[in-house]
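Heads up: the sequence shown begins at 1 in UniProt numbering, then just goes up one per residue.
Keep in mind that the hints were calculated from the coordinates and are not lab data.
Because the structure is a prediction, the values reported are computed rather than measured.
Glycine residues also receive a C-beta, built at the ideal position from the N, C-alpha and C atoms.
Where hints are given, some of them may not hold.
To be verified - Each computed EDC-like pair below joins lysine to aspartate or glutamate, with the alpha-carbon atoms no more than 16 Å apart:
| hint | residue 1 | residue 2 |
| --- | --- | --- |
| 1 | Lys53 | Asp42 |
| 2 | Lys110 | Glu88 |
| 3 | Lys97 | Glu114 |
| 4 | Lys90 | Asp68 |
| 5 | Lys90 | Asp66 |
| 6 | Lys228 | Glu251 |
| 7 | Lys228 | Glu258 |
| 8 | Lys238 | Glu155 |
| 9 | Lys2 | Asp66 |
| 10 | Lys107 | Asp309 |
| 11 | Lys332 | Glu199 |
| 12 | Lys84 | Asp309 |
| 13 | Lys247 | Glu232 |
| 14 | Lys84 | Glu105 |
| 15 | Lys2 | Glu105 |
| 16 | Lys203 | Glu331 |
What the hints assert, rightly or not - Here are the in silico distance ranges between beta carbons for each label pair:
| hint | residue 1 | residue 2 | range |
| --- | --- | --- | --- |
| 17 | Asn208 | Phe299 | 42 to 48 Å |
| 18 | Val207 | Gly330 | 17 to 23 Å |
| 19 | Gln89 | Asn225 | 39 to 45 Å |
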Amino acid sequence: MKLGIIGCGRITEKHCQTLSHISDIDVVALSDIKLERMVAIDNLLPTINKERKFHHNYLDLIERNDIDVVLIATSSGFHSEIAKAAIEQKKHIIVEKPIALSLEEAKELKVLTEQYGTKLFVCHQLRFLKSMMRIKELIDRSLLGEIYYGVGSIEINRGDKYYQVSPWRGTWQHDGGMLINQGIHIIDLLLWFMGDASEVYGKLMKVNKNKETEDIALSMIDFKNGSKAIIEANTVTKPYNYGYAIKLFAENGTIVIEGNQLQQINRFVINNMDVPFIEMEHDYQEHVRMYQSIYDVIFNHKSSSSLVDSTSAIASLELIFAIYQSALKGEKVNLPLNRFSLSELIDWEREER
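When you get a sec, could you build the whole thing from the sequences and use the hints?
Here it is as structure tokens:
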């Protein structure tokens, strides 16, 4: 697979660590507005490709004929614009979350991939944790029975330094809030396990006045199948990250997984039997499994229920937008939404204590 990378910031460094484990992927080009960032990423890649090219303009990269797939790892506000241009050049897309900052843009990308016959994947590597894949397998085999209730929790810290390093962070126009950046992973997992949401009630709080976006989000969710869930998320946990949690309370069992990397399996009981934890040990290879699945889908024509395509990405984005819309209106919001953009939150300045 010939890969071109657009955006050479901190998140791309993590991708480089993954790419060093996959021999089938060759990074042939990099694009960033700053030369020093491209040089830094070039030095992190598994081998120094003497033919690897640097492009200040991403359009030059996506127009190349020797690139199969484009990784988009820029600031969030440029994801959909770059993805659209790359799809129109018949490139497959791997894009960091979120797929877009408006529902209309996300839906347009889905239509374009169908029109040009390309594939688009959003980076939701937590689906490739062994524990999460095991949960999904048990649900698909109906071994959990009816899921009555789910909980998604994000309790982490994002202080002033996080936003000062990259001024676009914490803005509605270029980034979005903590739900669409950090919370989206947990929201995606809940939807993957529990199905489509039908109704949402949400509340937001902002306590850090040095940015525009929310620090705290609370939500109650009704699902089409009758299940319920709550989401509680914040980036004001002191003095550092406490962690994440996924909890499922079902007809035949209870699952509780927590930790700063969802590595602590605190309860995994089905029909009064503990599921062996050894088969779900955290091996820190979720990014590698994600990339390998992308390769297999594109080049070996395999399928993967763990990959997040445009349809799944739109579902999690839509739920987040419904939470935002509910908070703005102060009332429940029904899904699906016709439209929503983070631009609708630019003037949001309420603080609820």
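Taking the hints in turn, this is what the structure says about them:
{"no.": "1", "hint": "Lys53 <-> Asp42", "verdict": "10 Å, holds"}
{"no.": "2", "hint": "Lys110 <-> Glu88", "verdict": "12 Å, holds"}
{"no.": "3", "hint": "Lys97 <-> Glu114", "verdict": "20 Å, violated"}
{"no.": "4", "hint": "Lys90 <-> Asp68", "verdict": "8 Å, holds"}
{"no.": "5", "hint": "Lys90 <-> Asp66", "verdict": "12 Å, holds"}
{"no.": "6", "hint": "Lys228 <-> Glu251", "verdict": "13 Å, holds"}
{"no.": "7", "hint": "Lys228 <-> Glu258", "verdict": "20 Å, violated"}
{"no.": "8", "hint": "Lys238 <-> Glu155", "verdict": "9 Å, holds"}
{"no.": "9", "hint": "Lys2 <-> Asp66", "verdict": "7 Å, holds"}
{"no.": "10", "hint": "Lys107 <-> Asp309", "verdict": "12 Å, holds"}
{"no.": "11", "hint": "Lys332 <-> Glu199", "verdict": "7 Å, holds"}
{"no.": "12", "hint": "Lys84 <-> Asp309", "verdict": "15 Å, holds"}
{"no.": "13", "hint": "Lys247 <-> Glu232", "verdict": "12 Å, holds"}
{"no.": "14", "hint": "Lys84 <-> Glu105", "verdict": "9 Å, holds"}
{"no.": "15", "hint": "Lys2 <-> Glu105", "verdict": "27 Å, violated"}
{"no.": "16", "hint": "Lys203 <-> Glu331", "verdict": "9 Å, holds"}
{"no.": "17", "hint": "Asn208 <-> Phe299: 42 to 48 Å", "verdict": "44 Å, holds"}
{"no.": "18", "hint": "Val207 <-> Gly330: 17 to 23 Å", "verdict": "19 Å, holds"}
{"no.": "19", "hint": "Gln89 <-> Asn225: 39 to 45 Å", "verdict": "40 Å, holds"}
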